[in-house]
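Asker: Using the sequences provided together with the hints, build the complete structure.
Protein chains in written order, with numbering that gives the first Met the number 0: chain A, 0 to 258; chain B, 0 to 258.
There could be a bad hint or two in this list.
Which copy is meant is left open, so a pair is good if it fits within one copy or across any two.
[What the hints assert, rightly or not] Listed next, the in silico DMTMM-like pairs over lysine to aspartate or glutamate satisfying Cα-Cα at most 25 Å (straight line): (1) K186 x D235; (2) K202 x D144; (3) K186 x E61; (4) K43 x D134; (5) K43 x D205; (6) K43 x D125; (7) K69 x D125; (8) K202 x E121.
In case anyone wonders, no lab produced these hints; they're calculated from the structure. Just so you know, these numbers come straight off a predicted model, no measurement behind them.
There are 2 protein chains.
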Amino acid sequence: MCELLAMSANTPTDLCFSFTGLTRRGGETGPHKDGWGVAFYEGKGVRCFHDAGASASSRIAEVVQTHPIKSEVAICHIRQANVGAVSLANTHPFTRELWGRYWVFAHNGQLSGFSPQPGFYEPVGDTDSEALFCDMLNHLRRHCDRHAATEDVIRQLVQLAGSYARRGVFNLLLSNGDWLFTYCSTKMACITRRAPFGPARLKDADMVVDFESETTPDDIVSVIVTEPLTSDEIWDIYRPGEWRLWRRGEVVMAQAPTE
Amino acid sequence: MCELLAMSANTPTDLCFSFTGLTRRGGETGPHKDGWGVAFYEGKGVRCFHDAGASASSRIAEVVQTHPIKSEVAICHIRQANVGAVSLANTHPFTRELWGRYWVFAHNGQLSGFSPQPGFYEPVGDTDSEALFCDMLNHLRRHCDRHAATEDVIRQLVQLAGSYARRGVFNLLLSNGDWLFTYCSTKMACITRRAPFGPARLKDADMVVDFESETTPDDIVSVIVTEPLTSDEIWDIYRPGEWRLWRRGEVVMAQAPTE
Numbered sequence: 000m001c002e003l004l005a006m007s008a009n010t011p012t013d014l015c016f017s018f019t020g021l022t023r024r025g026g027e028t029g030p031h032k033d034g035w036g037v038a039f040y041e042g043k044g045v046r047c048f049h050d051a052g053a054s055a056s057s058r059i060a061e062v063v064q065t066h067p068i069k070s071e072v073a074i075c076h077i078r079q080a081n082v083g084a085v086s087l088a089n090t091h092p093f094t095r096e097l098w099g100r101y102w103v104f105a106h107n108g109q110l111s112g113f114s115p116q117p118g119f120y121e122p123v124g125d126t127d128s129e130a131l132f133c134d135m136l137n138h139l140r141r142h143c144d145r146h147a148a149t150e151d152v153i154r155q156l157v158q159l160a161g162s163y164a165r166r167g168v169f170n171l172l173l174s175n176g177d178w179l180f181t182y183c184s185t186k187m188a189c190i191t192r193r194a195p196f197g198p199a200r201l202k203d204a205d206m207v208v209d210f211e212s213e214t215t216p217d218d219i220v221s222v223i224v225t226e227p228l229t230s231d232e233i234w235d236i237y238r239p240g241e242w243r244l245w246r247r248g249e250v251v252m253a254q255a256p257t258e
Numbered sequence: 000m001c002e003l004l005a006m007s008a009n010t011p012t013d014l015c016f017s018f019t020g021l022t023r024r025g026g027e028t029g030p031h032k033d034g035w036g037v038a039f040y041e042g043k044g045v046r047c048f049h050d051a052g053a054s055a056s057s058r059i060a061e062v063v064q065t066h067p068i069k070s071e072v073a074i075c076h077i078r079q080a081n082v083g084a085v086s087l088a089n090t091h092p093f094t095r096e097l098w099g100r101y102w103v104f105a106h107n108g109q110l111s112g113f114s115p116q117p118g119f120y121e122p123v124g125d126t127d128s129e130a131l132f133c134d135m136l137n138h139l140r141r142h143c144d145r146h147a148a149t150e151d152v153i154r155q156l157v158q159l160a161g162s163y164a165r166r167g168v169f170n171l172l173l174s175n176g177d178w179l180f181t182y183c184s185t186k187m188a189c190i191t192r193r194a195p196f197g198p199a200r201l202k203d204a205d206m207v208v209d210f211e212s213e214t215t216p217d218d219i220v221s222v223i224v225t226e227p228l229t230s231d232e233i234w235d236i237y238r239p240g241e242w243r244l245w246r247r248g249e250v251v252m253a254q255a256p257t258e
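Answerer: This is how it looks when you write it as structure tokens:
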């Protein structure tokens, strides 16, 4: 399996702290050593870093840990390969352009017997994840247009995510640079940090940050992960089937399954 | 204007030497300080680095200079903005997926009054370069299919490049990871290094490399640029209107305009 990390913020914010914690799990405190990647939106542009090796010992991951790249939406993934060889083409997150925006996708899980409909977008590598991403974008192109309301796009995504989750494990991070859609099939947690900010300690590295010294009182920064990254904060746990749409650090649409 | 750099090799080869020379021109020995980017193919995957600042003082460019990333095809660009603001979305090279492959594009020049046909691929930023790239891929999708012979694809690209070059300056690097297409509208030079290898000295940095110590006798490595990067080698200068298709370090198709 793999682990996911995303950030949604109302001001450009770096991911150094969370990224440092997550990437230790790529070969050091965790087994996800078969590649890692991260995408940072900057305006409509997106900046990606990928490596097919272990993040815990990657020179490029070290630069991303220590060189603050500021973004309002970021998506990160560390991989433990199941479907598809260890290779750059199989390394999340994946990016495609749709309606003049870059869409970025990362996935944790595995589906059995998924065979996508032919469509415009095609996978380059051979993971089921990238095939699912292409399937989602092909579906959106067929059922929405570029002027569709966000609510309509999200309704389509929720239906699709639900149909995938019925066939396996499908924990999803998807962004178009404006919003961040998160879907929990089995495992996801989040935290929103806002004033008054306090310190936080990573579980996976000997690192404490005092967010108060790094933020302004108006900042709202949310982090969404597979497994909580800090040992001294309360994380909000998604329920299976729950989804949340984040924008500028806050949940703007959400639904948890009824009991 | 901008400067281009590409590499085609018959074995995975790093770009550290040429990249170091080119990136000095991004704010130090040259004025191209409005962003830089580089794409390295690894198998069918592609690894990109982009920055909207000056390459000569970029921490990420420094990592790419010193951390050998081995590739058979690489494309690099340093930007001096004319059309489009300085931003990540306007920073070359641009990437799109077509027929299950990543296509990478970088361009030097400017076209007057270019308005692309609507199509599937759309620019995210506001450079004429990215609009041209989308126009080329939309054209290929309309006129070829995924099983088209390389000759047919190249014939389409040559026609398109010629039509763009009649409307302005259009020096082009384009790859699908298998081959590298280069078109010279005004300025391009290349060099092919093979055994017996010798030393070479950069024009823009105090750096000499002895290729013999870094290669095997079977290696063939070609570098294509806007302006020669070394002071002690003979570069082959393209003529305006000339194009060459490179594969695994060698020219496999080419045409120079008749006198």
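Asker: Decide, hint by hint, whether the structure agrees.
Answerer: Each hint tested on the structure:
In this assembly of identical chains, K186 and D235 lie within 25 Å of each other by CA distance solely inside one copy; the values are 11 Å within and 58 Å between copies. Proximity of K202 to D144 under the C-alpha cut-off of 25 Å is found in neither arrangement, the shortest distances being 43 Å within a copy and 51 Å between copies. Taking the shortest alpha-carbon separations for K186 and E61, neither the intra-copy value of 27 Å nor the inter-copy value of 38 Å comes in at or below 25 Å. In this homomeric assembly, K43 and D134 come within 25 Å of each other (Cα to Cα) both inside a single copy, at 23 Å, and across copies, at 20 Å.
For the identical chains of this complex, K43 and D205 are neighbours neither inside a copy (35 Å) nor across copies (37 Å), given an alpha-carbon limit of 25 Å. In this assembly of identical chains, the alpha carbons of K43 and D125 lie at most 25 Å apart only when taken from different copies (10 Å versus 28 Å within one copy). Only between protomers do K69 and D125 lie at most 25 Å apart by alpha-carbon distance; the minimum there is 22 Å, versus 31 Å within a single protomer. Taking CA atoms no more than 25 Å apart as the test, K202 paired with E121 passes in neither setting, with 38 Å inside one copy and 43 Å between copies.
In summary, the structure is inconsistent with hints 2, 3, 5, 8 from the numbered list given earlier, while agreeing with the others.
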